[in-house]
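**Student:** Residue-level listing of the chains:
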Amino acid sequence: MSIFIESDTRVLVQGMTGKEGSFWTKHMIDLGTQVVAGVTPGKEGLEVEGRPVYHSVRRAAAEHEIDAAMLFVPPRFTKDAVFEALDSGIQKIVTIADGIPLHEMVQIRAAARSNGAMVVGGNTSGVISPGTAMMGMFPYWIERVYTPGRIGVMTRSGSLTNEVTAMVVRAGFGVSSLIGIGGDPVPGTRFAEMLPLYEQDRETDAVVIIGELGGTMEEEVAEAMRDGRFTKPVVAFLGGRTAPKGKRMGHAGAIVTGGKGTVEGKIKALTEAGALVAERPRFVGELLQELLK
Amino acid sequence: MSIFIESDTRVLVQGMTGKEGSFWTKHMIDLGTQVVAGVTPGKEGLEVEGRPVYHSVRRAAAEHEIDAAMLFVPPRFTKDAVFEALDSGIQKIVTIADGIPLHEMVQIRAAARSNGAMVVGGNTSGVISPGTAMMGMFPYWIERVYTPGRIGVMTRSGSLTNEVTAMVVRAGFGVSSLIGIGGDPVPGTRFAEMLPLYEQDRETDAVVIIGELGGTMEEEVAEAMRDGRFTKPVVAFLGGRTAPKGKRMGHAGAIVTGGKGTVEGKIKALTEAGALVAERPRFVGELLQELLK
Amino acid sequence: MKLFEYQAKEVFRSHGIPVPPSVLVETVPEVQKVLGEIGLPCVLKSQVLRGGRGKAGLIPFVRTEEQAVTEAQRLLGSEQVPMLLVESAVDIDREIYLSVTVDPVAATALIIASAAGGVEIETLAQTDPEKIVQEPVDITIGLMPYQVNDLVYRLGLNGDVAKQTKKVITNLYAIFEAYDAELVEINPLFVSKQAEVIAGDGKLIIDENSMHRQKGYERTRAYYDSDMEFEAAQEGIPYLQFDGDISLMCAGAGLTTTVYDLVNYEGGSVANYLEFGGPNYRKAVRAMELCLQNESKVILMVTFGTIARADVMAEGIVDAINRLHPDRPIVTCIRGTNEEEAVRILRAAGLEPLFDTEEAVRKAVAIAKGAC
Amino acid sequence: MKLFEYQAKEVFRSHGIPVPPSVLVETVPEVQKVLGEIGLPCVLKSQVLRGGRGKAGLIPFVRTEEQAVTEAQRLLGSEQVPMLLVESAVDIDREIYLSVTVDPVAATALIIASAAGGVEIETLAQTDPEKIVQEPVDITIGLMPYQVNDLVYRLGLNGDVAKQTKKVITNLYAIFEAYDAELVEINPLFVSKQAEVIAGDGKLIIDENSMHRQKGYERTRAYYDSDMEFEAAQEGIPYLQFDGDISLMCAGAGLTTTVYDLVNYEGGSVANYLEFGGPNYRKAVRAMELCLQNESKVILMVTFGTIARADVMAEGIVDAINRLHPDRPIVTCIRGTNEEEAVRILRAAGLEPLFDTEEAVRKAVAIAKGAC
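Chains as they are written, first to last, in this note's numbering: chain A, 1 to 293; chain B, 1 to 293; chain C, 1 to 372; chain D, 1 to 372.
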């Protein structure tokens with residue numbers, strides 16, 4: 001078992017015939033992902049890696065059972081593609097697009113919530129359960145990062161993920177499921193909303209959170225831990241501890257929360273809730289060793 | 001017991017200080033309706049018939065338990081007033097406004113449905129349970145129409161209601177609850193959606209439906225009867241049997257339903273479902289006598 | 001408010017929906033003048049609001065100037081056709097049906113389309129319902145591109161025709177929104193032999209309750225079937241012209257329609273339908289004036305009002321009688337709020353108020369038949 | 001994209017939000033010239049993007065022409081202030097706070113308001129959270145009038161001031177929508193002694209991802225703190241200027257920020273932050289050129305890429321070295337997709353690729369300190 005994407009999750013690829021779509025479709029299949037079909041308007045009748053392409057999600061859904069949709073769709077068309085997937089009742093959606101307009105992302109998240117669905121992203125590499133399946137773009141062949149194991153990883157940062165996860169693996173662990181929440185100010189799904197999945201996952205012993213300054217996602221994790229909604233060990237790494245404040249524009253989200261959003265605030269909240277906060281990526285592995293061995 | 005509006009239903013009046021609002025507030029109270037408060041922006045602090053007026057529904061809802069909202073609000077502000085009531089969790093709303101823009105009425109009905117609420121109207125006199133309570137504008141003092149009794153009445157037409165109901169009373173019956181669905185092409189609540197309330201109401205023995213040509217509301221009643229969702233006797237009166245077709249613009253709703261919407265179609269559907277259809281208002285009373293005596 | 005085809009097509013043109021070249025004319029010489037611009041063959045399209053123009057011979061296809069002149073004379077000479085839209089003929093490969101309306105049950109907008117265009121959609125709905133495709137649209141969210149995409153492929157379109165049709169659907173929905181439409185329809189939407197997608201006809205009905213925000217449409221005489229209906233509309237009084245001998249002056253659509261039925265049941269015939277209720281219950285003088293312009297034999301008034309107070313109506317009726325000195329009998333059945341006072345007023349004016357609708361109808365029919 | 005106050009106020013003005021009379025000037029003589037138009041007293045408002053202008057003495061209130069000239073000379077002479085907005089002083093009775101932003105948790109727009117304006121809302125949120133009122137708005141539905149109504153009464157406003165404020169809130173939300181705003185803020189919103197509601201300041205930040213549909217805003221030099229940041233922005237390369245001695249050329253915001261932290265932990269100091277990842281991983285030459293313009297002692301490259309292929313980066317780096325002949329050492333730690341090939345390429349060019357970030361950071365710090 002793993003979370004979000006499992007070995008039997010039937011995945012539809014929207015934007016399958018594009019350059020990125022076809023390239024990563026191949027890799028998703030190679031890893032073992034059950035890609036059942038694809039969608040590109042106007043391209044019905046084509047195949048990608050032996051999977052049939054349809055004009056629309058509805059047409060694909062009429063022919064296949066679909067559990068999840070993987071979007072390789074440009075940012076300006078992402079809202080449309082997500083709404084299309086939701087309209088066909090798809091409950092798990094991953095979008096990698098970097099550059100989704102803010103107000104559209106708000107509408108995407110609102111629509112997903114009112115449909116009881118989960119949208120992961122945008123501005124992410126996606127979701128991977130190493131050795132099992134993935135939705136997104138992960139170089140799973142890099143073994144010193146994508147080793148299967150029992151540590152869950154959630155990250156806001158694309159570039160830090162490999163760095164930190166490599167330290168998890170170097171410390172002798174592997175990854176159960178890695179979820180790229182995405183780097184946008186309004187991610188489709190938030191850290192805390194993923195925790196129930198990790199909590200229930202029998203293959204996850206602890207969760208690593210790769211966060212950064214801004215927003216309140218780390219504080220929400222702390223809250224879930226304090227409330228007893230999440231009970232497994234948490235190790236967090238937060239980038240930007242020494243970042244000078246003046247150089248960053250005021251974060252709109254910080255207004256409401258009265259001073260939340262600083263790295264210090266996040267460290268305090270997480271620490272008080274019982275999480276361990278690593279000062280350096282390397283310490284993530286060491287803290288896991290302390291916790292689990 | 002009665003339906004929709006009962007003796008203990010706590011009613012908020014939106015647009016309470018206006019001419020119609022204050023006039024009919026008095027009459028609603030005189031009949032026995034539990035009017036608890038009113039709303040007119042800018043008029044907080046005033047009273048109407050001893051009931052306090054608030055700036056907004058939220059402010060009223062903070063001070064009073066509210067079960068239903070009665071709107072005396074012009075048609076162009078009706079959408080706003082309905083959304084305001086829904087926002088405060090009010091589940092029963094009556095709007096008398098005649099002239100609500102069509103697209104806004106569609107949004108009102110959609111919002112009510114997604115909130116699990118019922119909006120009655122617009123373009124109606126409202127809802128009355130004679131002798132008990134009312135939301136709307138009924139001359140309940142006219143005894144030969146508004147006599148309490150055990151016949152439910154639902155109507156699309158304002159002007160026909162008194163005419164037909166008088167025939168019910170003349171035949172020796174009285175009215176349990178009368179609901180003016182309203183004469184607009186998109187009523188907030190449809191005949192068939194009211195049937196479950198009448199079905200459950202122990203004080204209703206039979207239901208009289210006052211319909212007319214156009215739309216599919218009468219056909220939906222027939223469907224509910226055929227499906228066994230409504231089991232009490234139904235007598236229907238439909239205006240426009242001899243109306244010449246050429247004089248009426250094609251009804252947009254009729255397009256989809258393939259010829260539904262004609263009076264002949266409605267009579268056929270209702271008759272086949274077991275309802276009695278009266279050719280004249282007077283026959284409504286006579287048919288009820290046949291059925292119930 | 002239903003617009004003329006030429007108006008609907010102006011809206012289409014300004015919203016990016018291709019229409020054939022056309023010129024609106026009112027005289028036969030104008031037709032000859034524009035033929036050079038429009039070319040032959042072309043279509044002379046009578047600008048009338050009623051449906052079934054094709055079957056009624058109101059949109060002749062003409063191949064020669066001579067034919068054009070003959071047909072234009074026939075149409076414009078008929079007095080029922082105030083304007084012709086002279087329109088280039090399209091080299092038609094196929095026809096599509098397309099419309100946007102409201103679904104009152106689902107509370108959505110509804111796009112209806114069919115690859116079998118050119119016929120009445122109501123007929124198609126009965127004969128070949130599977131040929132009709134529908135797409136509900138959440139009015140708050142608006143039409144999403146994926147819905148348009150799915151629609152054109154359900155219609156079996158492909159390639160560039162699919163692409164053009166997507167644009168037409170998107171723009172048609174934009175018109176539906178911008179014009180508060182009750183219905184906007186293209187039937188047929190032509191696909192030409194040159195694979196161009198062009199609106200062959202155009203129907204646009206604007207919601208009456210939204211006219212306050214839809215500027216630029218004045219209700220001229222052309223929108224009405226008769227002078228009387230036009231005149232009544234200027235007063236905001238719902239009025240329909242018939243050729244019987246009983247003038248109705250009744251409250252509300254439902255009751256007036258019912259009285260209409262009852263008159264027919266009793267063997268009478270209606271001269272005019274007139275709603276003297278709701279917002280018009282204080283307009284007795286104007287309403288009676290309209291009735292008196294008919295060659296009816298009796299005026300039948302039936303009301304059972306709530307807001308429309310019976311006493312106010314009665315006062316208005318008496319006032320109207322005093323001013324207009326009607327030349328024919330009046331039968332009244334005025335009930336509802338303050339009816340006791342109404343009865344007093346009517347009796348004082350020498351009328352004999354009745355209380356039962358059927359009785360009033362029978363009396364009016366008897367008068368019309370000369371029986372009393 | 002954060003706009004200048006004068007731009008935000010232009011937007012306000014065109015959307016019906018009252019602002020005081022003002023003129024934008026760039027020179028001291030212009031200030032003198034516009035005083036007649038604007039009147040005295042007035043405010044000289046430095047058009048810079050950073051916050052805390054009041055505390056920094058960048059918006060002096062002036063009562064005389066002499067004072068105006070002195071202050072204008074001080075500000076425009078500082079080289080940090082390219083433009084002044086000369087604005088009429090308002091006779092202030094009270095100040096209100098008003099903004100529209102996005103709530104990422106609830107997935108709504110969020111109106112934030114306070115009757116205690118003129119202070120920083122973040123401070124108020126900590127000291128007097130009960131003085132802040134909030135109203136979430138469904139972006140799909142938009143702001144409803146009843147919400148505006150409830151808001152102004154929650155602020156304790158009444159009568160005409162309430163009415164004017166309703167209009168301001170409605171228009172501010174319209175700006176939020178039309179400009180794809182991340183934040184639009186009025187702080188303070190003045191209520192003058194004449195009971196007029198006027199925007200005292202204006203902040204408008206447009207979502208970067210929506211700039212394609214927000215025309216008319218060119219990013220000139222004035223938007224940046226330094227020439228280098230402006231130059232990097234022209235290339236689309238995220239760049240921040242510091243005064244340390246290690247130039248960073250790293251992949252992505254997260255990793256670059258982490259390397260920044262590690263440099264500081266190891267006692268080093270950063271000359272510049274530069275993201276050489278994501279869409280910029282093929283821009284090695286341009287990125288290195290930017291780094292070389294700094295007076296840094298070493299360039300530190302750390303990447304761990306997926307889409308951004310390590311071999312392509314390595315090729316770029318070698319190409320940059322061959323073209324630019326850097327005058328300072330380069331430390332590389334290039335990992336990820338095709339890293340074996342990257343290592344071969346870097347070694348062939350005489351570099352010594354490292355594989356551990358901390359090791360690379362320590363080496364760069366040592367070089368900067370002259371230790372190797």
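Mixed in with the good hints there might be a few duds.
Here are the simulated BS3-like cross-link-like pairs (lysine-lysine), alpha carbons at most 27 Å apart as the crow flies [to be verified]: (1) C:283 - B:19; (2) C:163 - A:43; (3) B:43 - D:193; (4) D:167 - D:55; (5) B:19 - D:131; (6) C:215 - A:43; (7) C:297 - C:215; (8) A:19 - C:163; (9) A:43 - A:26; (10) B:19 - D:166; (11) C:131 - A:43; (12) C:167 - A:43; (13) C:215 - C:193; (14) C:55 - C:166; (15) D:2 - D:193; (16) C:166 - A:19; (17) B:43 - D:163; (18) C:215 - D:167; (19) D:55 - B:43; (20) C:55 - A:43; (21) B:43 - D:2; (22) D:167 - A:19.
Calculated from the structure, these hints are not laboratory results. A quick note: this is a predicted structure, and the numbers were derived from the prediction, not measured.
**Student:** For each hint, tell me whether it holds in the structure or not.
**Tutor:** Hints, one by one, checked against the model:
1. Distance check on the hinted pair: residue 283 of chain C and residue 19 of chain B sit about 21 Å apart at the alpha-carbon level, within 27 Å; holds.
2. Annotation: proposed proximity of residue 163 of chain C to residue 43 of chain A holds, straight-line Cα distance about 13 Å (limit 27 Å).
3. Proximity of residue 43 of chain B to residue 193 of chain D is assessed by CA-CA distance (about 24 Å); at most 27 Å being required, the pair is judged to hold.
4. Among the hinted pairs, residue 167 of chain D with residue 55 of chain D is inconsistent with the structure: their alpha-carbon atoms are about 31 Å apart, more than 27 Å.
5. As the CA atoms of residue 19 of chain B and residue 131 of chain D are separated by approximately 37 Å, the hinted pair breaks the 27 Å bound.
6. Distance check on the hinted pair: residue 215 of chain C and residue 43 of chain A sit about 44 Å apart at the alpha-carbon level, beyond 27 Å; violated.
7. Under the criterion of a C-alpha separation no larger than 27 Å, the hint pairing residue 297 of chain C with residue 215 of chain C is inconsistent with the structure, at around 41 Å.
8. Simply put, residue 19 of chain A and residue 163 of chain C have alpha-carbon atoms about 22 Å apart, close enough for the 27 Å limit, and the pair holds.
9. For a cut-off of 27 Å, the pair hint linking residue 43 of chain A to residue 26 of chain A stands: about 18 Å separates their Cα positions.
10. At roughly 25 Å between alpha-carbon atoms, residue 19 of chain B and residue 166 of chain D fall within 27 Å of each other, so this suggested pair holds.
11. Distance check on the hinted pair: residue 131 of chain C and residue 43 of chain A sit about 24 Å apart at the alpha-carbon level, within 27 Å; holds.
12. With a C-alpha separation of about 18 Å, the suggested pair residue 167 of chain C and residue 43 of chain A falls inside the 27 Å cut-off, and the hint holds.
13. A C-alpha spacing of about 38 Å is found between residue 215 of chain C and residue 193 of chain C, which places the hinted pair above 27 Å, so the restraint is violated.
14. For the hint pairing residue 55 of chain C with residue 166 of chain C, the CA-to-CA distance comes to about 31 Å; that exceeds 27 Å, so the pair is violated.
15. Only pairs whose Cα atoms come within 27 Å are accepted, and residue 2 of chain D paired with residue 193 of chain D is rejected, the gap being roughly 31 Å.
16. Between the alpha carbons of residue 166 of chain C and residue 19 of chain A the distance comes to roughly 25 Å, so the proposed pair stays at or under 27 Å and holds.
17. With a C-alpha separation of about 13 Å, the suggested pair residue 43 of chain B and residue 163 of chain D falls inside the 27 Å cut-off, and the hint holds.
18. Annotation: proposed proximity of residue 215 of chain C to residue 167 of chain D holds, straight-line Cα distance about 24 Å (limit 27 Å).
19. A distance of roughly 42 Å separates the Cα atoms of residue 55 of chain D and residue 43 of chain B; the hinted pair therefore is violated under the 27 Å criterion.
20. Our distance criterion of 27 Å between C-alpha atoms is broken by residue 55 of chain C and residue 43 of chain A, whose separation comes to about 42 Å.
21. With a CA separation close to 41 Å, the supplied pair residue 43 of chain B and residue 2 of chain D exceeds the 27 Å bound.
22. Taken as a hint, the residue 167 of chain D and residue 19 of chain A pair is broken in the structure, with Cα atoms around 49 Å apart against an allowance of 27 Å.
Consistency with the previously given hints fails for numbers 4, 5, 6, 7, 13, 14, 15, 19, 20, 21 and 22, ordered from lowest to highest.
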